[in-house]
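Novice: Listed below are the residues making up each chain.
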Amino acid sequence: MSASPEVPSGSHQGAHHHDHAPVRHEGPQPVVYALQTDLSLGAAEPQSAEELLGALRELLGGLLAALRDGGCSLIGHVKGMVDADDCGRVFFSVTSFGGTPSIKGSIEGPLARCRLTLNVIVFGIDEPGVEAATRAAMSLHLGPWRPE
Amino acid sequence: MYVLTAGETVRLILVAGFLGSGKTSLILELARRLVAASCQVAVIENEIGDVGIDGRYIADHGILVRELFGGCVCCSLSVSLVDTLKQLQRAPAPDYVLLEPTGIAQPSDLVATVRRYATWVDWIRVITLLDAERYEMLSEVLGPLLGGQIADADVVAVNKIDTVEPACVERVVADVRSLRPCVPVVRISTQQQTNLEALMQVVT
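Taken in sequence, the protein lines are chains A and B.
At position 3 of the first sequence (counting the first as 1) the number is 2 in numbering that gives the first Met the number 0, and the numbers step up by one without a gap.
At position 178 of the second sequence (counting the first as 1) the number is 177 in numbering that gives the first Met the number 0, and the numbers step up by one without a gap.
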C-alpha cells in the first residue's frame, strides 16, 4: 500500500447547533438542530406502543406547524428515533409541512420510559427559532410524556 | 456479477442526493443485494448533526456501519472520512463501501478527497438520487445545489416513482437530460423495490 499524502484539517467543526460552512451553492443555507432526551411518564400509568406512536405523530405535527409559524420556508427533513431499549425502537422521518411521517421499526409496550433523538434540518428560520419551535412542540404535543 | 476483479481493493459507491430523497433506504437495499451476492459490505453514514440516526437504522439490519457526526464529509470531516476508509481497509476489508454523505454535500468534493488521500480506493461510482415528489419544488429553491449533484453523477436515480404521476417522473428525467444528456437515468422506487436490480447493474 502506498503512503497517502497528509490530509488538510477540517475548515470547521460542528456543534450541537451545527454551523455548516456555506455550501457551494448560492441558495439558502440550512439550519441544523439536534436533540436527544429521555422521556418518561412520571407517575402516570405506562402506555402502549400505539399510544406512544400517537404522541410521536402529534409531536411531529406540532413541530411542523411551529416551524412554519416561525418562518420556516422549506423542510429538509425532520427525522429521529425513539429507542425503548429491550422494547425496541422506531425511526421516523417527514420531509414536508403536510407530509405523513414515515415510521419504521417496532416497539412493544407497555412503556414508561424511552429516549427521543431528533434531527431537524430546515431553511428560512434561524437556530433559536428552530429550538423554540421544538421546545414548544415538546411541551404541547407529547401528551403525558415529559423530558427528563 | 458484483465480484471484484483481480487487483481491485475497495469499491466505493457514493449515494448523493438532497435531504429526504431516500438515500438511507436505497443504501440499505443496495447493501442487502451485495451481501446476497456474497460481497463484504460496509456503510459510512455522515450526519451534519451530533446525533446518529440513519447509521443505527442500517446497523439494525446487520450491516457494518461507521458513523461520522457533526459536520460534512465534503468539507469539515474530510479527514475523518479518509481515516474511516483507512480503518475499513484493514482486514477483513469490505468489497464495497457505501457512503451516504449529507444531503447538501457536493459529490465532486468527496470524490476529489478520496482520489487524493485514499488512493487505495481505485473504483468510485456516484449515484445521485432525486426525489420525484419534490424535485420541481426543490429545483426552484436549490437549483444550483441539485444541479451540482446531478453534474457529479455517474448514474442518476429518480426515486419515489410510485408516488407521482408518470408525467411528473418524465419532467424530472427531462430536466436531468437538459443538464446531462448522456448520463444514465434509472427510474426507481426504493419503497416498492422497483428497478433496483437495474440500478445495481448500471452502477457496478
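Among the clues, some could well be false.
Sample of chain A residues at the chain B side, in silico, Cβ under 10 Å [what the hints assert, rightly or not]:
| id | residue |
| --- | --- |
| 1 | P27 |
| 2 | P29 |
| 3 | G69 |
| 4 | S72 |
| 5 | G79 |
| 6 | D82 |
| 7 | C86 |
| 8 | T116 |
| 9 | L139 |
| 10 | H140 |
Since the hints were made in silico from the structure, they are not lab data.
Beta carbons: idealized from backbone N, C-alpha and C, even for Gly.
Novice: Would you mind marking each hint as holding or not holding in the structure?
Specialist: Structure-based check of all given hints:
no. : hint : verdict
1   : P27  : holds, 7 Å
2   : P29  : holds, 6 Å
3   : G69  : violated, 18 Å
4   : S72  : holds, 8 Å
5   : G79  : holds, 6 Å
6   : D82  : holds, 8 Å
7   : C86  : violated, 14 Å
8   : T116 : holds, 5 Å
9   : L139 : violated, 23 Å
10  : H140 : violated, 20 Å
The structure fails hints 3, 7, 9 and 10 (numbered hints given earlier, in ascending order).
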